[in-house]
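There are 2 protein chains.
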Amino acid sequence: MQFSEELLTLKDQVRFDKSFKVGKYDKIVIAGMGGSGIAGRIFSEIYDEKPVFLVDDYDIPSFVDDKTEFIAISYSGNTEETISASEEAAKKHANVHAITSGGSLSKMGFDTIIIPSGLQPRSSIGYLLMPLVNTFIKPKIGDVDEAYRLLSETDKDNEEEKSIASEIYNGEHIPVIYGSRPFRAIAYRWKTQFNENAKVLAYSNYFSELNHNDTMPLKDTYRKDEFYFLVFRSDDSRFSKRITVTEKITGNSFRMVDVRGSSLLAKLFYLIHFGDYLTYHLAELRGVDPQDVSLIEKLKKEIA
Amino acid sequence: MQFSEELLTLKDQVRFDKSFKVGKYDKIVIAGMGGSGIAGRIFSEIYDEKPVFLVDDYDIPSFVDDKTEFIAISYSGNTEETISASEEAAKKHANVHAITSGGSLSKMGFDTIIIPSGLQPRSSIGYLLMPLVNTFIKPKIGDVDEAYRLLSETDKDNEEEKSIASEIYNGEHIPVIYGSRPFRAIAYRWKTQFNENAKVLAYSNYFSELNHNDTMPLKDTYRKDEFYFLVFRSDDSRFSKRITVTEKITGNSFRMVDVRGSSLLAKLFYLIHFGDYLTYHLAELRGVDPQDVSLIEKLKKEIA
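These protein sequence lines are chains A and B, in that order.
To convert, note that position 260 of the first sequence is 263 in the numbering used here; the numbers rise steadily by one, no gaps.
To convert, note that position 264 of the second sequence is 267 in the numbering used here; the numbers rise steadily by one, no gaps.
None of these hints come from the bench; they were simulated from the model.
Treat the hints with caution; some may be incorrect.
Note that identical chains are pooled: a pair holds if it fits in a single copy or bridges any two copies.
Derived lysine-lysine pairs resembling DSS-like cross-links, with alpha carbons at most 27 Å apart [claimed, not checked]:
| hint | residue 1 | residue 2 |
| --- | --- | --- |
| 1 | K27 | K53 |
| 2 | K159 | K301 |
| 3 | K303 | K251 |
| 4 | K304 | K222 |
| 5 | K301 | K244 |
| 6 | K159 | K304 |
| 7 | K24 | K53 |
| 8 | K222 | K141 |
| 9 | K95 | K70 |
| 10 | K227 | K165 |
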C-alpha cells in the first residue's frame, strides 16, 4: 500500500469500535513507544477521571499493582521496551491489556485487541487510540461521524497542507509546532511525522509553558529566520491571548492552524490528519519516501 | 547579585533541609511553570513509590481529591497558572503545600516552605527541589555532601563547559540535548537554560523514545550541520548501546557529557550545574545578559 493510500484509511479507523472490559482500578498505565506511544499521549490529555501514567521506557514505576489497568500498545507487537514493560506489569499483577497487530505481544496471554496489519504504525493512530477512547470515554456516535466527515474532506482537499509544505521546503525551514491543551500531544505527533515522513528535524512545545522559556530566544536567537512556527489556534481565551502577545513582543509572525470541528474527537483527528498531509507533501517535495524508516529498523537489529 | 554569583549559591542550596509533613495519600500532584516547574519534573523521574502527576497549566485534573498531596511551586509566588491550579486543588480538599519565596502564594494559607528571595527562579533549583526530596526520598547525608563537593569543584573549574560554549557560539549552532532516564528532565532543564540564559532556541529529547522519531532525520535532514548534539553518557547498557548505534548509523558525532558522581543526587546536581555554566558562558560569548528575562515579564504584564 502506498503511503497516500494508508492516509485514506484513517477515516474508517475512527469507527473501530473495540474496547476492553475493565474491573476496579485506581490508575491507568499506558506503555508504548514512538508512533504507538502517541495514542497514550493523546488519551492522557483528554481523560482525567483517574491518573494516567505513560511509560516510554523498558521499566515500569514501582506503584504499578493489582489496582492498575495496564495497556501495552505496540503496532508491530515486537517493540522491546513495551514487551519488557508488559512483562514487569504482569509480574506485579496489574490487569494487562494489549493493542497490537500481532508479533510477540499478541502471544503473551494478555487481554488483547488485534488491529489490522499492513500499515505503518503512525498511520494506524485511529486503531491504536479508539480502543482507549471506547473503553474509558465512550464517544457519542455523532462525534465519530463528525470525525469521519472531516477526515474525508481532508482526504479530498489538502491544499492548505500542501501550501505550508511548500513554504517549509522552499526555505529549508526547521518546523516548530506549538500546541496548547488539549492538543499538546498532537503538536508532538506533528513533530514525529516531520521526522519519520519528511526526514527533517522538528520540535514541539506548548503554551503556556513555552512562555517561561522559548519566549526569550524567540526575539533574539541567531538563525531565527530558519525556523517555521506552526501554532494551533485555541478557543481558550487564556491561550489565545498568550499566542497573540507572544507574537507581538517577540516580533514573530506565526503560521496559525485553524482547528476545525465541534466535538473534541473530531478536532483531534482533524488536526492529526492535517499534520499527516502536511508532512506527506513535504516528503514528496524533498523526494524522500515517507514510508521509509529503514534506519529505525536497522537500529533495532543492531541493538538486538 | 550577578548571575555568576547566583550560580555559586547552588552548592549551599542542596543542604536546604526543610520538608513537609504529609499524611495518608495515594498520589502526588506538583504544579509549577518554567524554572519552578523543573523541580517537579526532576522529582517525578526519581520517585515512583506513588504516582506523581505534573501540572503546568491553569487547571488540575478531575482525579485530585482528599488523598492527594498537592505541591504548588512558584519562586515568585505570583505565577498565574500555579495560583489558579492551587485554588482549584484547595476546593477539592487536596492537602495543599507550597514552596515559594513570597508573593500571593505565600498568603493563601497553605502549608508553606519559604525559600530565600533575590535569585532568578532558575538559579534556585536546589531550594525548589530539596523539599520534595527531603519529604519523599530522605537523602543520605553522604549524598548531600557529595553533591556539595561536586558543585564546588564545578564552580572552580568549568573549562569544559566554556569550551563547549565556544564551539556552539562559533558555529551559531542550535543545541539539542539528548538525555535518558533518570536524566530526561535535566536535558529539558538545559534546553530552558539555553533559552533563558543564552537566548538561543534549543531542544531536548531522550533515549530510547528518540530512536522512534529523531533517528530518521538525524541522517538526512537539511541543515544537519547547524545542530549541536549534546548527549549525556549513560551507565545503563541498554541506553549506552543505543547511543553508540545511533551515532554510527546516522553518521553523527555526538558531544558526549560525562555524568560525574556516585550517588543519584550528586549526579543530578552535577549535570544541572554543568548546564548552568555552559549556558552562562554562551551568554557571555553572545554578549547577552543571562539574568535578563524582561520579555517574559513584559508578557506577564500584557496578559494580566
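| Given identical chains, is K24 near K53, meaning Cα to Cα at most 27 Å, within a copy, between copies, both, or neither? | both (16 Å within a copy, 25 Å between copies)
| Is it within, between, both or neither when you check K222 against K141 at 27 Å Cα-Cα? | neither (44 Å within a copy, 42 Å between copies)
| said: If the cut is 27 Å between Cα atoms, do K303 and K251 qualify within a copy, between copies, both or neither? | reply: between (45 Å within a copy, 13 Å between copies)
| said: As a check of your reading, is K301 near K244 (CA-CA no more than 27 Å) within one copy, between copies, both or neither? | reply: Between copies only: 13 Å across chains, 45 Å inside a chain, cut-off 27 Å.
| request: With 27 Å as the alpha-carbon cut-off, assign the pair K159 and K304 to within, between, both or neither. | output: Cα proximity of K159 and K304: none, with 38 Å in one copy and 44 Å across.
| query | How would you label the pair K159, K301 (within, between, both, or neither) given a Cα cut-off of 27 Å? | reply | The answer is neither: 35 Å in one copy and 44 Å across copies each exceed 27 Å.
| How would you classify K27 and K53 at a CA-CA limit of 27 Å: within, between, both, or neither? | both (11 Å within a copy, 18 Å between copies)
| Intra/inter-copy verdict for K304 and K222 if alpha-carbon distance must be at most 27 Å | between (43 Å within a copy, 17 Å between copies)
| Between K227 and K165, at a C-alpha cutoff of 27 Å, which is it: within one copy, between copies, both, or neither? | Both: 23 Å inside a chain and 24 Å across chains, each within 27 Å.
| request: Check K95 against K70 for me: Cα-Cα at most 27 Å, and say if that holds within a copy, between copies, both or neither. | output: both (10 Å within a copy, 23 Å between copies)
When each numbered hint is compared with the structure, violations occur for hints 2, 6, 8.
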